[in-house]
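Participant: Listed below are the residues making up each chain.
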Amino acid sequence: MIRFGLRLALAGGREALTRLLVIAAAVAIGSGLLLTTLAGVNATNAQLTRYASMYPNASTGDADPLWWSTRQDYFHGEQIVRIDVAATGSTAPTPVGIPSIPGPGEYYASPAFRELLAAHPADQLGDRYPGRDLGTVGPAALTSPDTLLVIAGGSPDQVAELPAAKQVTSVGDAPALPETAVNLILGVIAGGLLFPVLIFIGTATRLSAARREQRFAAMRLVGATPRQIAIVAAVEAAAAAVAGTAVGFGLFYAFRDPLAGIPFTGMPFFPSDMSLGVLDTLLVALGVPAGAAVAAQISLRRVRISPLGVTRRVTPRAPRAYRLIPMVLGVAVLVFALGYRPESSDGQTAIFLPGLLLIMAGLIFAGPWLTMVGARIMARYANRPATLIAARRLADNPKAGFRAISGIMLALFVTSVAVGVITTIVANRGPAPTGSTDAGTVTTVFDEERASVPDTLFAELRAITGVRSATAIRENPVVTNSGEVGVIACTDLPSAYGRCGDGASVIEVPYGLSRWRESASPATVWPAASLTLDELQRLPVGAMVVGTDGSAAAVERTRTVLEVAFPTFWVGPNVPGDFESDFADTLRAWEQLANVIIIASLALGGCSLAVSVIGGLTERRRPFSLLRLSGAPVRVLRRVVALESAVPMLAVAAVAIGMGLLAAHLFLRAQMGYTLIAPEPRFYVIVVVGLAACLGVIASTLPLLERITGPETARSE
Amino acid sequence: MDRDDRRPTGRPAERGAAVSVVIEARDVEFSFGQTPALRGASVAVEAGEILAVMGPSGSGKSTLLHCLAGILVPDSGEILFDGARVHAMVETERSSLRRDRFGFVFQFGQLVPELTAVENVALPLLLSGVRRKQALHKAYDWFARLGLDGLEQRRSGELSGGQAQRVALARGLVAEPQVLFADEPTGALDSLTGEQVMDLLVSAAREQGTTVILVTHEARIAAYADREVMVRDGRVNAPDRIAS
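Line by line, the protein sequences are chains D and Y.
Numbering-wise, this note's numbering puts 697 at position 690 of the first sequence, and it's gapless, one number per residue.
Numbering-wise, this note's numbering puts 302 at position 74 of the second sequence, and it's gapless, one number per residue.
Chain Y extracted, bound-state conformation (with noise of 0.2 Å):
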């Protein structure tokens, strides 16, 4: 199951070097309302990794994706982001979080459909305060990297799903977040772009060194991670597999 092959060179943190844990969930619970999603859910991920979060549809993933996003706040147990807390953060501090700390990829529907590739890609960086000029000067340089040339003026509706997923991405890691979360980023995508998709998310998430979270069901697109872990029933089963 490793991937090795597909894996660019240059991964900050090799197995046996010294690794630190950026973002980890110590025993979480979570229900909707009478429902229980999470029960006792626990990961950790160090600096620098892909994990993967497999698990059936129901299992939980998304909901342990969103509680280390400090998107949902566990009904018990912690979630620690570089030694931070995030589960006793109020509102607005969780919200700082994900706007300068984290980036966020999900499956559709993503971009803003008034605005421009280049305007959705600066977006995240205009929302922290960055000036337009410089904003949009950063966002374009994403447009080479992802192979998007020439498409900076495009609304949404005049891209391609593959495309808009590229542009999601940029816009994902436009800001250099230290953890990008990606929820079923290729489940709209058709097998090839899905793949297309998946090696410039990892090319450009390790040419960062950024740490990503990665929902999905299909082992195809696990198999992209350093590490899977499945959650079942709302718990996370020990590891699979460590890529080595």
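In isolation and in its complexed conformation, chain D is listed as follows (with noise of 0.2 Å):
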């Protein structure tokens, strides 16, 4: 019965064979997708990993200890990662990335930071990184091909001294990521894009499904049994899905490198990084064909198909109310959670993720419901036609009608939520606006103490274009009720920051000079300090923080000057944009993953709405095509078709948004005490463009509608 399935398949004349190769085709865009979005979670975990182990723990064993220090330093907004090494011994391990521990005075950079130091002038970059070029640090070290990374050699004693210096006898063991978390990014990933891309194989291997049943009638007519027959469906879809699948692994070869150069993440994967394991190899050679013949073997359950034809089961159980349950369940526990919150980060999790879970289970759930009433509601005010039709459709069956919009929806949930917690955090502590005073403010905090800057910086700060001010805080010696950790004298207070309370002459402020998430401004009043001026210069100095015009090179020279004078900074000199924009380009890198979810999920969306219409199509090609003889225009039937599949899909659409914005918001209030700010109106193009995409696939069937229903068809059936 195998060989007599695959013998049908592939040699059953033009049309099996034109079946054959679309299913084929449809199944070969699903797993080359699907594999796309392996070998992208792989790749991901890849960065992640490479990450981690910049920061290694200590570690003791045989070999002679290296000395490890990683910092942050700062470039145009960009995070450099310095790595300083000194060995101990000849034994003492080699970072991974380069051929051997540089010396004192020697570095390695990588290809994206060589090709940095090389633009730009050295009073600005490359004064900061003195010392002979050893050679190129390679991608066995590096997050990204973009990363910015040095490793400098210094003495054991120097590397020692620095800050957050350990020593390690292993390189390589990356710790252990926070699993939870990165679980649960790989977890929304899956969920935004797999789920879009099986249901759309599943859907694909449905593709002429009513031709093919009418053809098993007839093979039950002469005797086959309904065993037969199941086995025959299974190896015809699994037949096109192991072709689908093939070619899909091509695709997915084929395409890598360029797909790797895409910044998913925010920066570029290494195409090698874009692998595929063992288990995601089988998963997908295996699963596909399997699952085609599991979605076969279903698809011949709603039918009976019996010597005499082929009659669809009666009309299904239309879906109940309760079925809102889990969806209102869980915005119950989301809103539970603005009166309750845990305060460890995992008691939150128990409280937010299954809230999450429950809204994401829920929609799917109630899916057929919505779509239900909602088709009802069409069906009872209809006036035209094509509405009363679309409408009957949807209400008869709306599992079916929103089987293939159900990936469109849980993707466009979980992208909303993404979206609307980004875009409000985002709002609230992103980079300070450019042009700002904030915006140009170079501060410094040092991490040993320090008795007083010599005059001659200040000199060589001020002599640069575009610096407005210097100014060296002082420790504050009190934890005071303002809680500012400096004080300075009045006279030293630059008017772009604030000005002085009355009578004061030693006034307590923060590092930055300006406090956290408020803007610097002249009219801040900033409390006294029982300090007296004599008292004042006694204090060891904390911070330095430079006034610049906001001007790239302004920002870079002073960075340049004050790391060559304090050359054992932790975090590099910074303006509050380096630490936001750091956050903020996380952030937006998640941004810009919810983005390619959104356009790939409608993409797909509408390949599986395009197989639902040819499907529906091919069964009603009868009475549609009498339809027309007997008068009714075209616009009817392709209105017809239009409905069914764009009302639910965008109604589903909106109710995805909008859950997904109701449940960022409560997610925010709860955890931030922040209010949704709505997403860009860039989001909102996304999604449109995405829906027309989707439309766009959905058009691309009409042709089908005027060729299937033409006068022939009435004739020939």
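Please keep in mind that the hints were generated in silico from the structure rather than gathered at the bench.
Where is the CB? At the ideal position from N, CA and C, for every residue including glycine.
Among the hints, a few may not be true.
Stated by the list, open to error - What follows is a list of derived Cβ distance ranges for each label pair:
#: 1; chain 1: D; residue 1: Leu293; chain 2: Y; residue 2: Ser419; range: 54 to 64 Å
#: 2; chain 1: Y; residue 1: Leu420; chain 2: D; residue 2: Arg642; range: 39 to 49 Å
#: 3; chain 1: D; residue 1: Ile684; chain 2: Y; residue 2: Thr320; range: 48 to 58 Å
#: 4; chain 1: Y; residue 1: Thr320; chain 2: D; residue 2: Leu289; range: 51 to 61 Å
#: 5; chain 1: D; residue 1: Leu289; chain 2: Y; residue 2: Glu319; range: 48 to 58 Å
#: 6; chain 1: D; residue 1: Pro710; chain 2: Y; residue 2: Ser270; range: 28 to 38 Å
#: 7; chain 1: Y; residue 1: Ala447; chain 2: D; residue 2: Arg714; range: 33 to 43 Å
#: 8; chain 1: D; residue 1: Pro152; chain 2: Y; residue 2: Glu319; range: 53 to 63 Å
#: 9; chain 1: D; residue 1: Leu709; chain 2: Y; residue 2: Ala447; range: 41 to 51 Å
What the hints assert, rightly or not - Covered stretches of chain D (chain Y as the covering partner; in silico rule of three or more C-beta atoms under 8 Å from a C-beta of chain Y):
#: 10; stretch: 393–401
#: 11; stretch: 639–651
Hints are included, so try docking the two chains, each in its own frame, into the full complex.
Facilitator: What follows is the structure in structure tokens.
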């Protein structure tokens, strides 16, 4: 029977071959995307692992220890990772990615960093990294081809004095990643993208099901048993899926390099990181054909194939309102979190994660009920025949109507939550606006006590074009109500950062001369400190603040001068935008990923819908063609098809985005006290473009409508 | 062969009275690719007349019906309806003619499966822009007339063949068309059910004064007509018989 099934699939004439090719093409696209997703997850994991390996834990062993200190520097808002190393003996381990341990005054640099060094004046960057360039850091040590990394050598005494210095006896053993967070992130990706891919593959195997079922009825007439029919159906579906999966692997490897170059996570992947494990390969190579065979079996259960023909089983039972319960419960959990917020992050995860998962599962579970209610309302008020037919079809089998768009719903929900949360956080904690005082304020906080700052440094800083002020801030000896950690003389306070309270000669200020989450302002009035000017002069210097005009050259020259003067920093001199842009860049990377998921899931949703449309048309080709013969304009039939697909898709998009933003708002209120800020127009543009692409895919099936409902259909069937 | 005993009274155009041709084919030729289907077919049908078009399989009778209904455009020759040159009309004009002036009953599979029976009947009215409430109201009337009471909310899959065909008949006549084209309307039914459908078709058409062009290869069904023509090799033979 298996051989017979294969023969039917491969040598069953032009129609059978066309069907096989179409299903195989659809499965190829689906499995190609599935492989890309799995490889993308692996590549993200590799990026995270390499990033973690830049911050190794101290270790002991037989080898001579290697002193290791990882520090952060910045250039034009980009983070530079600087690793200082010093061997304590000949058996000290060599860091991954370089051939040997650099000695004092030597360094290795990543390719992206070398390009940066070559492209900018030394007084803006190169002077911070004096010494001999030994060569390039290899990909094994880099999170991405764009990573800015310097591995600099020093003497053991020098490196041991650096902040966060530790001794390691082995390298490359990445510390364990925070599993919950990584699993959550990867779960979101998987949920957002894999679901639509799987739905698409499942739907693709239903192509031309009606025709196939008629053939099965003919086989039953000549004596085939239901079991034999089931085997033939499974073999046919699996054969197409095997061919499609093979092509999918080919597509994946053909497009892997260009795909790796797309900064899905904010930075490109190395093509070799977009790899597939044995499990991934087996999962797709065996899982997709097996899944297709199972899908064929399930589809056969929906029809009764007797020797006299194919009959649809009775209209499926209408979904009931209890399907809303999980979604409502999920929202209730998030509302509960508004009033009850556990202290520990584990406790918070224990509330938010189930809440979000309940809503996600609830949306899928409630989808058919929502589709049915919407379709019934549409049918009740429909005056146009197209609306009536479309609404009745959806109301008749809302599960089938919803199936093709369920992936879109999940993806849009996930991405709406992500984009809502990210937009709000970035708006509340994003980098200072260009041209503001904050954007040009370079601060360096000392990790070791300094009695004073040499006057020559002030002179050098003030000589830089664009520098407006240079201020040393001393450590506040008392913990005050205001919580400000620094003190300065009123006469030293640049006017751009505020003024002193009445009668004050010494004031309490933060190290950056502006409070956390507040902008620097001349109107700020700083409280008086209970110190005399003499007492102030005896206090150690805690930080230096240099006000510039915000130009990149002024900021980078200032940074270079400060780093040369104070080379043992842990975090390099920075403007608020550096930290914030680090944070915001990470968030934006996730936002970027969310956008990719939106586009991909909508395109896939469009393909799934197109397959459903084709299936629906094939099932109704005779009544539709006879309607056309009776004078129904083709545009009415086109409208039926468009309404059947577009209305639920648009409704689902609206519900998913609405629920996503609601969940984001509840999360932000409960977790951070923020009120949701509506996503930027870009988000809506991407959604609209994605939906338009989806509608475009559906529209591409419309010529088929005209073709299969022509007069010859009525004549030949 | 006359079936006057079956014919309800009130036939609008008795022989001998002044009659007018409502639809006519003149020297129509039509080919499917290289295969000729009609080779100079001519036929004229009077207002209120029931004409049976008979012929063996492949003779061209359905093609003739499709040409008369404006579904197919003849390669040559003319189709005239109420004096209008159907063969010269563009597709949209022919579609609106079929929608507003013609009705159709086919052999099977013409009901939209998702719609209820009453919605299927109301469909031509909805397509012509009649408001839903009015359309459904008018459709409901037909259920009593055709003995379909209680089946209004059923789907096509829940109707027997005879019931589905009666629903299709109601749909063909609900918009009170001038001409009803019936292509093997009983072809998928047993003889008893077929006769029931034909009784209803004929009486409803007579009641409305609708002209019926009935394609069939069954003499038993053709006997319901006022007149029969025979199509052979793409030509319409001289009338075999005119009802008296």
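Participant: Take a look at whether the Cβ-Cβ distance between Ile684/D and Thr320/Y falls inside 48 to 58 Å.
Facilitator: holds, 51 Å
Participant: Determine whether the Cβ-Cβ distance between Leu293/D and Ser419/Y falls within the hinted range of 54 to 64 Å.
Facilitator: holds, 56 Å
Participant: Do Pro152/D and Glu319/Y keep their Cβ atoms within the hinted range of 53 to 63 Å?
Facilitator: For Pro152/D and Glu319/Y the Cβ distance comes to about 59 Å; the hint holds.
Participant: Taking the beta carbons of Leu709/D and Ala447/Y, is their distance inside 41 to 51 Å?
Facilitator: Given about 44 Å between the Cβ atoms, the range holds.
Participant: Just to be sure I understand the hint, the distance between the Cβ atoms of Pro710/D and Ser270/Y should be within 28 to 38 Å; is that true here?
Facilitator: holds, 37 Å
Participant: Quick check: do three or more residues in the stretch 639–651 of chain D have a beta carbon closer than 8 Å to a beta carbon of chain Y?
Facilitator: holds (count 3)
Participant: Using a Cβ cutoff of 8 Å, are there at least 3 residues of the stretch 393–401 of chain D near chain Y, or does the coverage claim fail?
Facilitator: Satisfied; 4 residues make the cut.
Participant: Is 33 to 43 Å respected by the C-beta to C-beta distance linking Ala447/Y and Arg714/D?
Facilitator: Given about 37 Å between the Cβ atoms, the range holds.
Participant: Between the beta carbons of Leu420/Y and Arg642/D, is the distance compatible with 39 to 49 Å?
Facilitator: For Arg642/D against Leu420/Y, whose Cβ atoms are near 41 Å apart, the range 39 to 49 Å holds.
Participant: For the pair Thr320/Y and Leu289/D, does the Cβ-Cβ distance stay inside 51 to 61 Å?
Facilitator: Hint holds: Cβ distance 57 Å, inside 51 to 61 Å.
Participant: Could you see if the CB distance from Leu289/D to Glu319/Y stays within 48 to 58 Å?
Facilitator: holds, 55 Å
Consistency note: the structure conflicts with none of the earlier hints.
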